[in-house]
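> These protein sequence lines map, in sequence, to chains A and B.
Offset between the first sequence (1-based) and our numbering: plus 317.
Offset between the second sequence (1-based) and our numbering: plus 10.
Among these hints, one or two may not hold up.
To be verified - Distance condition first, Cα-Cα at most 30 Å in a straight line; then the derived DSBU-like pairs of lysine-lysine: (1) B:K278 to A:K409; (2) A:K354 to A:K409; (3) B:K52 to A:K324; (4) A:K409 to B:K112; (5) A:K324 to B:K201; (6) A:K423 to B:K278; (7) B:K274 to A:K551; (8) B:K227 to A:K324; (9) A:K551 to A:K569; (10) B:K33 to A:K324; (11) A:K551 to B:K201; (12) B:K52 to B:K227; (13) B:K33 to A:K423; (14) B:K190 to A:K423; (15) B:K112 to A:K551; (16) B:K52 to B:K33; (17) B:K52 to B:K112; (18) A:K354 to B:K33; (19) B:K190 to A:K324; (20) B:K201 to A:K344; (21) B:K227 to A:K335; (22) A:K344 to A:K409; (23) A:K344 to B:K227; (24) B:K52 to A:K335; (25) B:K33 to A:K454; (26) B:K112 to A:K423; (27) A:K551 to A:K538; (28) A:K423 to B:K52; (29) A:K409 to B:K273; (30) B:K112 to A:K354; (31) B:K52 to A:K354; (32) B:K33 to A:K344; (33) B:K112 to B:K273; (34) A:K423 to B:K227; (35) A:K335 to B:K278.
As the list claims (entries may be wrong) - Computed spacing ranges between beta-carbons, pair by pair: (36) B:G99 to A:G341: 27 to 35 Å; (37) B:L164 to A:D407: 37 to 45 Å; (38) B:E248 to A:G341: 58 to 66 Å; (39) B:K274 to A:K344: 43 to 51 Å; (40) B:G99 to A:S446: 47 to 55 Å.
By construction, these hints were calculated from the structure, which means they are not laboratory data.
Just so we're clear, the structure is a prediction, and the values are computed from it rather than from any experiment.
Cβ coordinates follow ideal geometry from the N, Cα and C atoms, glycine included.
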Amino acid sequence: MNIIEAKNLTKTYRRFLKPEGLRGSIKSLWRREYIQKDAVSSLNLSVAEGELIGLIGPNGAGKTTLTKMFTGIIAPTSGELSVLGYYPNDLKNEFKQQYAVVMGQKSQLFFELTANDTLHLFKEIYGLSESTFRETKDYFTNLFQVRHLMDVQVRTLSLGERMKMELIVALLHNPRILFLDEPTIGLDAIASRQIRTFLRQVNRERGTTILLTSHYMEDIKALCPRCVVINHGKKIYDGSTETLFENYQQNKRISATFPQPPTDLSLPDGAQIIEQTPYKLVFQTPKESVASVLTDLMQHNPADISVEEEEIGALVERIYEENKTV
Amino acid sequence: MKPFIPKNPRFRKYREISAIYLKSQLAWRADAVFQMLFTVTKILFAYLLWGMVFSQRDTVSGFTLDGMLSYYIISSFLSQLELSDGVSGEVSERIRNGTFSKYMVLPVNIPGYFTAMEAGCVLFYLGFDLAAALIWIFIFRIRFVFTHSPLIILCALLMIILGLLFMVQLNYYLGLLTLKYEEIGTFLMIKSNLVALITGSIVPLALFPEAVLRGMKLLPFYYITYLPSMLLTGRCREEAVTGILILCLWCLALGGLIRITWKKYRVKYDGAGI
């Protein structure tokens with residue numbers, strides 16, 4: 318059963334164009350010019366209940382606008398939209414009772430109070446019984462291992478701990494859909510990995526549909542069997558994440574730091590240096606050569622090595638180019 | 011798994027919203043102490059000022075020194091409870107920076123959320139201001155002039171609650187106008203001047219012609235702090251019922267206006283910045 322259905326969904330923003338300088342400011346008092354920008358354009362999308370789907374695209378692609386339309390925060394300019402059988406922008410409480418949204422940099426927590434205080438508020442807002450509240454809270458606090466942090470003032474928590482609390486608050490009422498916008502932004506590798514494990518478990522054990530918006534390819538690759546790529550408000554890819562990486566990812570990004578400047582370090586053909594200092598080297602290399610590059614690097618006794626996915630922009634560009642030639 | 015959709019007891023969520031804002035206020039202990047000191051200082055100044063005035067005569071406009079101090083303590087106490095000015099700024103700011111979405115995604119009535127939030131803050135100040143006022147009434151041995159009629163006390167309390175509710179609604183409404191006008195500074199200025207004029211802060215009400223005064227009494231501002239203070243000090247009893255009716259009508263009208271405005275202009279909200 319499809320839980321989200323969007324047909325020809327379009328959102329057009331009107332932007333005020335102010336001419337430069339004081340003269341322009343005065344002129345714009347009585348004569349204003351506007352430009353239209355399609356943030357989302359004729360987008361079709363279906364999401365089935367229980368899916369964990371990734372929404373990726375470069376900055377300004379329209380991912381967040383799409384999430385805002387799905388949650389009812391903004392109204393579409395045209396097209397059809399149904400989420401859980403509701404038109405989201407009607408903002409019906411019965412609809413809002415069934416989803417949760419976590420925006421990486423916007424918080425529902427009260428910073429001067431404890432996470433427990435916020436959880437009590439959400440218990441009442443969502444009308445949970447005491448037993449459901451206790452059971453759900455225990456489940457999530459154990460899963461995240463944050464029981465000892467529940468009575469600590471939120472503003473003293475680390476970014477990673479705060480994000481865990483945000484997720485617990487969002488999932489307290491057992492929503493059918495969880496919209497996540499950049500949940501791992503600013504988090505270190507360990508915290509990001511914990512968040513991913515948590516999301517996978519919530520999706521598997523509770524059947525929560527998760528729509529994840531992220532810049533980080535690691536998030537998408539680790540979590541989402543299906544992903545949708547958006548660029549300039551248009552859907553340019555919708556399918557298996559594995560196929561996306563298989564077909565469009567050509568490179569990996571490797572970062573290495575050394576206790577001593579390495580001598581006679583050679584890079585394979587096609588490698589491209591991004592940053593180089595005596596003690597640090599960041600470069601991009603074809604994914605086929607990663608294994609041999611790592612073997613070479615290990616001979617120089619590095620202090621640290623990390624291998625990351627290629628940035629989203631490069632993938633989008635390749636998909637875009639391919640679509641143009643088809 | 012089926013979602014949990016309860017038959018929610020309607021007001022429990024708003025009670026909890028008030029409670030969490032009350033707890034937030036209590037987190038700032040220094041603020042609480044300064045608030046108490048501020049109330050004390052105001053009473054001290056009023057005592058010294060009116061003490062000098064009444065050293066030359068026994069009554070001023072029908073008030074004795076104790077009557078005047080009682081009126082002053084009550085009206086300044088009520089003015090300090092009226093904290094809703096911040097609501098318009100907060101709503102406006104959140105609409106402009108996109109964080110208003112935070113309320114839109116919750117299954118609550120948004121004006122109700124802001125009203126409950128204000129109630130939490132008011133409860134905090136109510137506690138501290140009341141304690142400070144009682145201590146100083148005792149120290150200065152002010153023979154507090156207070157009505158003995160339970161009915162008038164009830165009317166005054168109802169009027170205070172309606173007045174505070176009206177001011178939250180008004181400020182919420184003005185903040186909401188950001189959806190249409192982007193900049194609401196002018197509206198806020200008009201509101202402040204109107205409130206100051208009608209409560210007699212700019213020109214003493216006695217200087218206005220009778221017809222103008224009658225017109226002002228149709229507006230709600232007269233009933234926010236001035237009339238409840240007069241009622242509690244045993245004056246203007248005949249205006250009690252009219253005041254409550256007028257405030258009720260204004261609250262209903264503004265509630266309707268908020269609903270219409272929100273319905274009409276919420277499509278303009280673009281949640282910018284998130």
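> Hint numbers the structure violates, sorted upward?
Hints 3, 5, 8, 10, 11, 17, 18, 21, 22, 23, 24, 28, 31, 32, 34, 39 and 40 not satisfied by this model.
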